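Protein chains: 2
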Amino acid sequence: MVKGDIAFTSSKDKLDIYEDAYLIVEDGQVVKISKNLEESYKDYPVEDYTSKLIIPGFIDIHLHAPQYPNMGLGLDKELIPWLETYTFPEEEKYGDLEYSRRVFTRLINDLWRFGTTRSVVFASIHKESTKLLMDLFVESGLGAYVGKVNMDRNTKKELTEDTNQSILDTEEIIKEYNDKSDLVKPIITPRFVPTCTEGLLEALGNLAIKYKVPVQSHLNENTSEVIWVKELFPNSKNYASVYDDYNLFGQTKTIMAHCIYNTDEEIDLMAQNGVYAAHCPYSNYNLSSGIMPLRKFLDKGVPVGLASDISGGNSLSMMRIIAGAIQASKMKWLGTEKELAPLSFSEAFYLATKGGGSFFGKVGSFEEGYDFDALIIDDSPLTGIKDLTIEERLQKFIYIGDDRNIIERYVKGRKVRKPF
Amino acid sequence: MVKGDIAFTSSKDKLDIYEDAYLIVEDGQVVKISKNLEESYKDYPVEDYTSKLIIPGFIDIHLHAPQYPNMGLGLDKELIPWLETYTFPEEEKYGDLEYSRRVFTRLINDLWRFGTTRSVVFASIHKESTKLLMDLFVESGLGAYVGKVNMDRNTKKELTEDTNQSILDTEEIIKEYNDKSDLVKPIITPRFVPTCTEGLLEALGNLAIKYKVPVQSHLNENTSEVIWVKELFPNSKNYASVYDDYNLFGQTKTIMAHCIYNTDEEIDLMAQNGVYAAHCPYSNYNLSSGIMPLRKFLDKGVPVGLASDISGGNSLSMMRIIAGAIQASKMKWLGTEKELAPLSFSEAFYLATKGGGSFFGKVGSFEEGYDFDALIIDDSPLTGIKDLTIEERLQKFIYIGDDRNIIERYVKGRKVRKPF
Chain A
560 MVKGDIAFTS SKDKLDIYED AYLIVEDGQV VKISKNLEES YKDYPVEDYT SKLIIPGFID
620 IHLHAPQYPN MGLGLDKELI PWLETYTFPE EEKYGDLEYS RRVFTRLIND LWRFGTTRSV
680 VFASIHKEST KLLMDLFVES GLGAYVGKVN MDRNTKKELT EDTNQSILDT EEIIKEYNDK
740 SDLVKPIITP RFVPTCTEGL LEALGNLAIK YKVPVQSHLN ENTSEVIWVK ELFPNSKNYA
800 SVYDDYNLFG QTKTIMAHCI YNTDEEIDLM AQNGVYAAHC PYSNYNLSSG IMPLRKFLDK
860 GVPVGLASDI SGGNSLSMMR IIAGAIQASK MKWLGTEKEL APLSFSEAFY LATKGGGSFF
920 GKVGSFEEGY DFDALIIDDS PLTGIKDLTI EERLQKFIYI GDDRNIIERY VKGRKVRKPF
Chain B
560 MVKGDIAFTS SKDKLDIYED AYLIVEDGQV VKISKNLEES YKDYPVEDYT SKLIIPGFID
620 IHLHAPQYPN MGLGLDKELI PWLETYTFPE EEKYGDLEYS RRVFTRLIND LWRFGTTRSV
680 VFASIHKEST KLLMDLFVES GLGAYVGKVN MDRNTKKELT EDTNQSILDT EEIIKEYNDK
740 SDLVKPIITP RFVPTCTEGL LEALGNLAIK YKVPVQSHLN ENTSEVIWVK ELFPNSKNYA
800 SVYDDYNLFG QTKTIMAHCI YNTDEEIDLM AQNGVYAAHC PYSNYNLSSG IMPLRKFLDK
860 GVPVGLASDI SGGNSLSMMR IIAGAIQASK MKWLGTEKEL APLSFSEAFY LATKGGGSFF
920 GKVGSFEEGY DFDALIIDDS PLTGIKDLTI EERLQKFIYI GDDRNIIERY VKGRKVRKPF
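Protein sequence lines correspond, in order, to chains A and B.
With the working numbering, letter number 140 in the first sequence gets 699, and the count goes up by one each step, no holes.
With the working numbering, letter number 417 in the second sequence gets 976, and the count goes up by one each step, no holes.
Isolated chain A, as found in the complex (with noise of 0.2 Å):
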């Protein structure tokens, strides 16, 4: 049981607060809030944060862990000369187990640092480090999805996998990994068309089915990209639907980064299946891809999550990144003569929380039944001049507030210690 100002989004358009009250965790979930404390709860231990905010753990669905040590590097090129001259050569070095956990330990640290609970993760094409970044996730205490990179064509020859064997080797994790942790999970992970040949398309989709495994992938990012994939698939409908004949496209719960330019149809289709779109805006902005029409997404129903996409991204701080989509959204707003209306800020954190959180499962939330994944937020370097609303609090924490103000952090009831 816990105790403070609870702020959380169970739907998207308000914040449901609770002024100073009792929420109440029995095996790792939430049972109740409420403001006065009932009988049958006063024998339990009560952490007490008063006048602490208490919210849910930040969701980060799509970022590349071997791209950690190129953070804030190599932000002067678009998408694919980017993947070819920074990225690529980077993503090489994961052969080396010695240099995975080097850069793994501290990319965990470093979420946990930023309050990140769960994350959805690109690993490398390598089996071994992507193992190890899997059970560097378990001993965190963290949550997260990490898959394996699949590419066996246009990528560098040090990249290109065989395509049997990469096959085989994601199946390897996935049998190894599916049920080893209620926390930390594999999830197939082709890179995007472009880098992948037909028969591992259609092989990825059938392990997806045949383990009921989620698929991670990337669409639409870049103009440059859209027009190769039509070149590479000159019979498909549009990019989405190249995922979606290899069962790559919700047949499984599926996530999509960017979908900066899809069209209305593949926006539809991504709807009807279910499709995850996991919006990245500093990536955008830095490889100068675009922003994302979200409210289209949001209108049609699509679920959407935020994410940092590191190092395409240069910051893994979601409280950076909510106002970064709200920032974007409003030049969508303006770049749209005032069509897609901007996100509000209680939109923007309910992607960030129960949006992306609901790839988990019951997460991201503080309803009944949901995982208790929580941080408790130290705002107080952050007022003390006027009076503040509790929204006011979180507004001021998620604009001007950083790491330093989260003072704890819960997974499913368990708090979580700097990991390493």
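One or more of the hints may lead you astray.
Identical copies go unnamed one by one, so any copy, or any two together, can satisfy a pair.
Dumping the calculated DSS-like pairs for lysine-lysine here, alpha-carbon to alpha-carbon at most 25 Å [unchecked claim]:
{"hint": "1", "residue 1": "601", "residue 2": "715"}
{"hint": "2", "residue 1": "971", "residue 2": "716"}
{"hint": "3", "residue 1": "716", "residue 2": "601"}
{"hint": "4", "residue 1": "571", "residue 2": "789"}
{"hint": "5", "residue 1": "921", "residue 2": "571"}
{"hint": "6", "residue 1": "974", "residue 2": "591"}
{"hint": "7", "residue 1": "945", "residue 2": "977"}
{"hint": "8", "residue 1": "571", "residue 2": "636"}
{"hint": "9", "residue 1": "591", "residue 2": "921"}
{"hint": "10", "residue 1": "734", "residue 2": "855"}
{"hint": "11", "residue 1": "652", "residue 2": "945"}
{"hint": "12", "residue 1": "945", "residue 2": "686"}
{"hint": "13", "residue 1": "855", "residue 2": "636"}
{"hint": "14", "residue 1": "974", "residue 2": "897"}
{"hint": "15", "residue 1": "971", "residue 2": "652"}
{"hint": "16", "residue 1": "652", "residue 2": "562"}
{"hint": "17", "residue 1": "771", "residue 2": "974"}
{"hint": "18", "residue 1": "562", "residue 2": "636"}
{"hint": "19", "residue 1": "715", "residue 2": "945"}
Treat the hints as calculated values from the structure; they're not laboratory data.
These numbers come from a predicted model, not from an experiment.
Following the hints, complete the assembly by docking chain B onto the known chain A.
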């Protein structure tokens, strides 16, 4: 004399880098940078920052001190309703010197924390509060231009000045402070055209010329504002020419904030008169103002600096604002069919140092004769995975670092401690 890895931008197109070099300071000014220490300097005391970065202090050329308590709040409106709903009610409070002191000491501490060694600041209409802000800047050791705001129409009754009193108060401050400190100076500050009568604008232009005092105001931030100005001054050629007609547009050194909707004619006038543009990317996002076509200003030779514009902006960190300016320029590039080239890293760094710094004189660079305003950056927490060049280390600091990486600040050769 300091020793370390030195980086600055004497011109905007490239970084000047001196690895493990000595920078010799005399009377607060840079004398030279040398790789090897000459005999004549052997006895000088050295502050040894080996392996640390030494860069110019950041320059923030547009921010509103009394809006500090609103940082991160009320970002759901455009300029005019935002002023009326959130900003003017806050600015009313600065008749209270106790409140003023509480806010200003926190603001100045934050400027110090984020390495902003010089800033150009709007106070409120209140004379005594403005003087207090100047006194506190002097006490802090940081440099600033501080302006008492003038407005005598189209605002709340409580903020509407009597025209004559407004002029008298402004002149009193100029006389008292113009020669009081070499680091803290007054600046004439009509809020913006809509809140100033012709009589007030005329008198302020006269004061500027009489006392050789610089000027700051706002220009073309929002489309509704532009229309309003046209209604108020139907006979003026454009928004800029209203200021120009009253000697408030480069007749003395002048900064105009935002400049998003300038016509080409207005940009030309700025170039011709040497009027500075203060680019405030986060404010322009938050208030849905738009993205300034910065490249046009650079191409035409308009002097430009970067600015936080709190509390329209939500961050005082010039590191974030440098990254934000690059990101905004990339969206502008896309939005203009790739006509207006995005900012390079060195260009953005230049704008935040020498670009804005030149408003203060020889400030913002480490060329000979420049004031030694500097930050010492311990970037070791951001690196250590792979070898990086000094330029890459600087990029990491700007894109992923924060105030914790700034371990010392110098202004005019003097080390500045946390002020309050």
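Checked hints:
Taking CA atoms no more than 25 Å apart as the test, residue 601 paired with residue 715 passes in neither setting, with 63 Å inside one copy and 52 Å between copies. Taking the shortest alpha-carbon separations for residue 971 and residue 716, neither the intra-copy value of 42 Å nor the inter-copy value of 54 Å comes in at or below 25 Å. Taking the shortest Cα distances, residue 716 and residue 601 never come within 25 Å of each other, neither inside one copy (64 Å) nor across copies (54 Å). In the homo-oligomer, the alpha carbons of residue 571 and residue 789 never lie at most 25 Å apart, since the shortest distance is 36 Å inside one protomer and 40 Å across protomers.
Proximity of residue 921 and residue 571 under a CA criterion of 25 Å is satisfied intra-copy only: 16 Å inside one chain copy versus 51 Å between copies. Only within a single protomer do residue 974 and residue 591 lie at most 25 Å apart by alpha-carbon distance; the minimum there is 19 Å, versus 54 Å between protomers. Taking the shortest alpha-carbon separations for residue 945 and residue 977, only the inter-copy value of 23 Å comes in at or below 25 Å, while the best intra-copy value is 33 Å. Only between protomers do residue 571 and residue 636 lie at most 25 Å apart by alpha-carbon distance; the minimum there is 19 Å, versus 35 Å within a single protomer.
For a Cα distance limit of 25 Å, the shortest separation of residue 591 from residue 921 inside one copy, 14 Å, qualifies, whereas the shortest one across copies, 62 Å, does not. With identical chains, the CA atoms of residue 734 and residue 855 are never at most 25 Å apart, being 38 Å at best within one copy and 57 Å at best between copies. Proximity of residue 652 to residue 945 under the C-alpha cut-off of 25 Å is restricted to the inter-copy arrangement: shortest distance 11 Å between copies versus 51 Å within a copy. For a Cα distance limit of 25 Å, the shortest separation of residue 945 from residue 686 across copies, 22 Å, qualifies, whereas the shortest one inside one copy, 54 Å, does not.
For the homomeric pair residue 855 and residue 636, the shortest alpha-carbon distance between copies (21 Å) is at most 25 Å, but the shortest distance inside one copy (28 Å) is not. In this homomeric assembly, residue 974 and residue 897 never come within 25 Å of each other (Cα to Cα): the closest approach is 44 Å inside a single copy and 49 Å across copies. Taking identical chains as interchangeable, the C-alpha atoms of residue 971 and residue 652 are never at most 25 Å apart, the minima being 34 Å within one chain and 45 Å between chains. For a Cα distance limit of 25 Å, the shortest separation of residue 652 from residue 562 qualifies neither inside one copy, at 46 Å, nor across copies, at 34 Å.
With identical chains, the CA atoms of residue 771 and residue 974 are never at most 25 Å apart, being 30 Å at best within one copy and 62 Å at best between copies. For a Cα distance limit of 25 Å, the shortest separation of residue 562 from residue 636 qualifies neither inside one copy, at 48 Å, nor across copies, at 34 Å. In this homomeric assembly, residue 715 and residue 945 come within 25 Å of each other (Cα to Cα) only across copies, at 21 Å, whereas the closest approach inside a single copy is 57 Å.
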